[in-house]
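Enquirer: So the sequences go chain by chain: A and B. Just so you know, the first sequence maps onto residues 1 to 397 in full-length UniProt numbering. Just so you know, the second sequence maps onto residues 1 to 612 in full-length UniProt numbering.
In short, the hints are calculated from the structure, not lab data. Hints may contain errors.
Derived list of chain A stretches under chain B, where covered just means 3 residues or more per stretch with a C-beta under 8 Å from a C-beta of chain B [said to hold, decoys possible]:
hint: 1; segment: 44 to 57
hint: 2; segment: 257 to 264
Selected chain B positions facing chain A (Cβ under 10 Å, derived; list incomplete) [stated by the list, open to error]:
hint: 3; residue: Leu-130
hint: 4; residue: Arg-134
hint: 5; residue: Phe-225
hint: 6; residue: Ser-267
hint: 7; residue: Leu-346
hint: 8; residue: Val-434
hint: 9; residue: Trp-438
hint: 10; residue: Ser-440
hint: 11; residue: Leu-441
hint: 12; residue: Gly-444
hint: 13; residue: Gly-464
For each residue, glycine too, the CB sits at the ideal point set by N, CA and C.
Residues per chain, in single letters:
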Amino acid sequence: MLDVIARSAALVAGTLAVLTALGVAQPARSQTAADPTKEPVVIGVSGPLTGAYAQYGAQWQRGFDLALEQVNASGGVQGRPLRVQFEDSQSDPKQTVAIARKFVADSRIVAELGDFTSAASMAASPIYQNAGLVQFGFTNSHPDFTKTGDFIWSNALNQAEEMPVLADYAVSALGGKRIALLFINNDWGRTSKDLFTKAAKERGAEVVGAEGYLADEKDFRSALVRVRDTKPDGIALISYYADGAQITRQLREAGLSQPVVAAGSVYSPKFLELGGAAVEGVHTTTPFFPGDPRPEVQTFVSAYTAKHGIDPDAYSSRAYDALLLLATVIRQSGPDRKAIRDGLATVKDAPSVVYGTVRFDPQTRRVDKPFSTRLVVKNGAFALWQPGSTDAAKAAN
Amino acid sequence: MFPTSFGPWLDYTINGLVIGNIYALLAVGLALIFGVSHLINFAHGSVYMVGAYIGWLGITKLNLPLPVTFAAVAVGCGLLGAVIERVGLRPLRNAPRIAPLLATIGLSVVLDQSAQLLFSPDPRALPTQLPSWRIAIGGGSIGALDLLIAGVGIGSAALLYGFLRFTRLGWAVRATALDRDAAQQCGVDVDKVNRTVFAIASALGGVSGLLVGMYYNTIDPNMGFQAGLKGIVAQLIGGVGNVPGAIAGSLLLGLIESYGIALFGTSYRNLFAFVALILILVLRPNGLFAKARRLPPEPLTGTFIAPSRPLVLPGWLIGLLIVAALALPFAVQQPYLLQTLGNAWLYALLALSLTLVAGTVGQVSLGHAGLLAIGAYASALLALDAGIPVLLAVPLAGVIAAALGTALVFPAFRLRGHYVSIATLAVGEIVTLVILNWESLTRGPIGVTGVPPLSVAGTPLVSGQWVYWIPLVVLLVFAGVQTRLLSSHLGRTLRAIREDDVAARSYGVDLNRYKGLAFAVAGFVAGVGGALMAHFYSYINHETFPAPVSMLALTMVILGGLGNVAGAVLGAVVLVGLPELFRAAAEYRMLIYGVVLLLLIRFRPQGLLGTV
Numbered sequence: 001m002l003d004v005i006a007r008s009a010a011l012v013a014g015t016l017a018v019l020t021a022l023g024v025a026q027p028a029r030s031q032t033a034a035d036p037t038k039e040p041v042v043i044g045v046s047g048p049l050t051g052a053y054a055q056y057g058a059q060w061q062r063g064f065d066l067a068l069e070q071v072n073a074s075g076g077v078q079g080r081p082l083r084v085q086f087e088d089s090q091s092d093p094k095q096t097v098a099i100a101r102k103f104v105a106d107s108r109i110v111a112e113l114g115d116f117t118s119a120a121s122m123a124a125s126p127i128y129q130n131a132g133l134v135q136f137g138f139t140n141s142h143p144d145f146t147k148t149g150d151f152i153w154s155n156a157l158n159q160a161e162e163m164p165v166l167a168d169y170a171v172s173a174l175g176g177k178r179i180a181l182l183f184i185n186n187d188w189g190r191t192s193k194d195l196f197t198k199a200a201k202e203r204g205a206e207v208v209g210a211e212g213y214l215a216d217e218k219d220f221r222s223a224l225v226r227v228r229d230t231k232p233d234g235i236a237l238i239s240y241y242a243d244g245a246q247i248t249r250q251l252r253e254a255g256l257s258q259p260v261v262a263a264g265s266v267y268s269p270k271f272l273e274l275g276g277a278a279v280e281g282v283h284t285t286t287p288f289f290p291g292d293p294r295p296e297v298q299t300f301v302s303a304y305t306a307k308h309g310i311d312p313d314a315y316s317s318r319a320y321d322a323l324l325l326l327a328t329v330i331r332q333s334g335p336d337r338k339a340i341r342d343g344l345a346t347v348k349d350a351p352s353v354v355y356g357t358v359r360f361d362p363q364t365r366r367v368d369k370p371f372s373t374r375l376v377v378k379n380g381a382f383a384l385w386q387p388g389s390t391d392a393a394k395a396a397n
Numbered sequence: 001m002f003p004t005s006f007g008p009w010l011d012y013t014i015n016g017l018v019i020g021n022i023y024a025l026l027a028v029g030l031a032l033i034f035g036v037s038h039l040i041n042f043a044h045g046s047v048y049m050v051g052a053y054i055g056w057l058g059i060t061k062l063n064l065p066l067p068v069t070f071a072a073v074a075v076g077c078g079l080l081g082a083v084i085e086r087v088g089l090r091p092l093r094n095a096p097r098i099a100p101l102l103a104t105i106g107l108s109v110v111l112d113q114s115a116q117l118l119f120s121p122d123p124r125a126l127p128t129q130l131p132s133w134r135i136a137i138g139g140g141s142i143g144a145l146d147l148l149i150a151g152v153g154i155g156s157a158a159l160l161y162g163f164l165r166f167t168r169l170g171w172a173v174r175a176t177a178l179d180r181d182a183a184q185q186c187g188v189d190v191d192k193v194n195r196t197v198f199a200i201a202s203a204l205g206g207v208s209g210l211l212v213g214m215y216y217n218t219i220d221p222n223m224g225f226q227a228g229l230k231g232i233v234a235q236l237i238g239g240v241g242n243v244p245g246a247i248a249g250s251l252l253l254g255l256i257e258s259y260g261i262a263l264f265g266t267s268y269r270n271l272f273a274f275v276a277l278i279l280i281l282v283l284r285p286n287g288l289f290a291k292a293r294r295l296p297p298e299p300l301t302g303t304f305i306a307p308s309r310p311l312v313l314p315g316w317l318i319g320l321l322i323v324a325a326l327a328l329p330f331a332v333q334q335p336y337l338l339q340t341l342g343n344a345w346l347y348a349l350l351a352l353s354l355t356l357v358a359g360t361v362g363q364v365s366l367g368h369a370g371l372l373a374i375g376a377y378a379s380a381l382l383a384l385d386a387g388i389p390v391l392l393a394v395p396l397a398g399v400i401a402a403a404l405g406t407a408l409v410f411p412a413f414r415l416r417g418h419y420v421s422i423a424t425l426a427v428g429e430i431v432t433l434v435i436l437n438w439e440s441l442t443r444g445p446i447g448v449t450g451v452p453p454l455s456v457a458g459t460p461l462v463s464g465q466w467v468y469w470i471p472l473v474v475l476l477v478f479a480g481v482q483t484r485l486l487s488s489h490l491g492r493t494l495r496a497i498r499e500d501d502v503a504a505r506s507y508g509v510d511l512n513r514y515k516g517l518a519f520a521v522a523g524f525v526a527g528v529g530g531a532l533m534a535h536f537y538s539y540i541n542h543e544t545f546p547a548p549v550s551m552l553a554l555t556m557v558i559l560g561g562l563g564n565v566a567g568a569v570l571g572a573v574v575l576v577g578l579p580e581l582f583r584a585a586a587e588y589r590m591l592i593y594g595v596v597l598l599l600l601i602r603f604r605p606q607g608l609l610g611t612v
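Starting from the given sequences, assemble the full structure and let the hints guide the process.
Expert: Take a look at the structure:
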């Protein structure tokens, strides 16, 4: 009996001891630096590498790897190598708050990127805000994400900008008058649904049905019966790529042949892979498109495919973009936490594969006026949409 | 909007049957395993995922013909099932029945994480090689794959029926299912029976993974959890351990969901299904298709809860540990360590609450995260919308969680054993889904932003020390109260209900009253824990307290020792601490966590500090 006490006590003591040690331990993953003699500038990343959202963390990682390679090949930041410390949070709030404390206490870390879900990211925001470390959420579209304070920034797509563009595509370009909407029932989908409905109404169309589905749902047959019975002439999807592909497959199988317009987050090679032949003809708008002739986009796409052997998707391009943006800001303002915050407010011509050039509204701490390109899936690939193609003709009839 | 003509209803019915067909594939395997080993196998969803990946390798990498792929999946997963039985469960055959349940949770963590490391977390396409013709029925259509899935489901059920009915090994399986010890005395090799059952059920599970993967043209390492949950619900509707019942239950679940969508909309699908599940459990506690003259489920006398002598920590040691814990922030200035331990204290509140109902009263709850969510939302909304000071909102939230939690679980008070677990699981899901759908109160999917922090006299208590101290002090108070409670006559009464509820009732114990009391205390403790989390996080939504949190709480409680107050705290520290401890291992850390969990169960099945 006593040895069990001893063992249990040893376990507790061991846990505490190693936790203490880890507080000052070296980062979980690090990158080779361009100039290893100088002390690196470190950016903390809190994101999912394991658990239900691990696929998104893996995409981030690919974008970061490329960005670091390029920044450090061109001399790093102010002569010092840039490094990323990626801590796996599983997008679990109790882990993101611990990671936040860790980053905040680590004086080498000058800014933070992430996390992925709103619940996980925003639980940590007060810690970053109170400590004066910039939390830069590059996929956090929650309307209140940046409202915690002046250290919370985001270059996520603003849905108030994105949804009118999508509605424009569905209504003005494709001629939809009665649009049925399927949206993922989370903060992003719900906000987008309201904005899309409003934008469609302003353009003279009606949203005849809106079906919110749970994030892990795979069967949409019955939801599509409801959609069918609203007699729509166009279908809009506020979805990620996996669920977007699933819905499109099932709606084609159910015999619904209306034009489909999907939010830019379906933009991924996986959408084509998982959707197969069914996603042929799906329309989407995206700020980032590999076929975009801008030189920074072409440099990114060729370097990315050379490094990873696959096409970049929405999330890896955003991760790449976010890290490059921070590197630019640090180059201009210096590797200091407060200077980075001030630098974000004044940065004007930061290059961006997503936005062209980025500038922030210092009041909302968000980016305004993203690019958008109209795309359509053609012969199993995303292609620029040409007005006057068959879809538009069909919709006009 | 409301369909009045016959046409749409035909479509909803067909769609419900098609999806029920898919649930049936998993439910049959789960029913078989439950029938023989009385175990809800949480690793079954992972076997299903492994089957999908073996099939993916066969189809896209090795270009095997489809029948060969199916055979490879069946053999591979059959072997995996036998290994699961040998490694995870046989060493625990004499351990309390709760230990194998935890072992299956540990195994599923290991399998899911291994798949994520081997195949990357990205979803992959699994193209079908079946002909693409479709038959139009009503407004929709069904394809070759739908028919194949139905064929495999019904075919395997028929084969199983024949096997159980007409072969010697099948008789042995049935004998073992009826009474393991008696079967063993009659010369039945019980281990062989268990191995066979696991192999058959897992082979079937793997084939279903392949079929469903082809059906959706998508596989990913996390596909097992949700699918397994649906399978468990489906087999419960049919009556646990009843193979034909599992198929009927699955079809019924599919229909319920489809009609739920038809009547209320897509976002009400699971809400409707879980409410229906609770209704069925309450009205027909043995499942819809159970034989009427079946024996009542045995009381959980000594079999479910470990017969162990708890470790009683000496008073001076406890006092010393408490003083050391309280003084820690003076000695250590590391916010990361304090935050991690603060998280551990918050989760210890949840574990404390669960150990009372699961350990002391024997009502194993799988939906305890729902109490956290109720407490968190109550406190956040009281503070924001009603303008109540935070310090008052937190205890009020505890009261609300106690009242609502007890009311929600009340219908399940007449249930026993595993049915309680499933009913509470459903209650947990219902809480989440109501939060998601009741937008006018909870702000729905947008969540509650700007929850004010705890503050005293206008000073917010947000530093690392307060995040550590506040939960610790609350925990110490509740742990003290619960320890007193357990040593009083009330504690004895609650344990009497756990040991033998029939005997307890015959001694004049009003079961509902005492269960209600226990759930109220537990609800208050967990509710306060959830409220504190809301004020620390400042933002909560329906994803802040997901179903895996309930699993984590149960793991903490079993690991520490059921009913053991100090054990609950220790379990929380270990399970919140371990993933942080293994942080240096990056992607491997959850795999290591799963292995450590399995080892702990293997060598200390009654919990670290033993059952009280």
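Enquirer: All the hints need checking, so say for each whether the structure fits it.
Expert: Hints, one by one, checked against the model:
For the segment 44 to 57 of chain A, the stated coverage by chain B holds: 7 residues have a C-beta nearer than 8 Å to a C-beta of that chain, and at least 3 were required. Residue count for the segment 257 to 264 of chain A with a Cβ under 8 Å from a Cβ of chain B: 0. That is fewer than the three needed, and the coverage hint is violated. For Leu-130/B, the interface hint is violated, since its Cβ never comes within 10 Å of a Cβ in chain A; the closest pair sits about 13 Å apart. At about 7 Å, the closest approach between the beta carbon of Arg-134/B and any beta carbon in chain A falls short of 10 Å, and the interface hint on this residue holds.
With a least beta-carbon distance of about 8 Å to chain A, the hint placing Phe-225/B at the interface is held under the 10 Å criterion. This hint holds: Ser-267/B has a C-beta 4 Å from the nearest C-beta of chain A, less than the 10 Å allowed. A cut of 10 Å between beta carbons decides the hint on Leu-346/B: the least distance to chain A is about 8 Å, and the hint holds. Hint status for Val-434/B: violated, given a least beta-carbon distance of 13 Å to chain A, over 10 Å.
Taking 10 Å as the C-beta contact cut-off toward chain A, the hint placing Trp-438/B at the interface is violated, the least distance being around 13 Å. Taking 10 Å as the C-beta contact cut-off toward chain A, the hint placing Ser-440/B at the interface is violated, the least distance being around 14 Å. Because the smallest distance between the Cβ of Leu-441/B and any Cβ of chain A comes to about 15 Å, over 10 Å, the interface hint for this residue is violated. Taken as an interface hint, Gly-444/B checks out: its beta carbon lies about 6 Å from the nearest beta carbon of chain A, inside 10 Å.
Because the closest C-beta pair between Gly-464/B and chain A is about 6 Å apart, less than 10 Å, the hint holds.
The structure fails to meet hints 2, 3, 8, 9, 10 and 11 from the earlier list, while all remaining hints are met.
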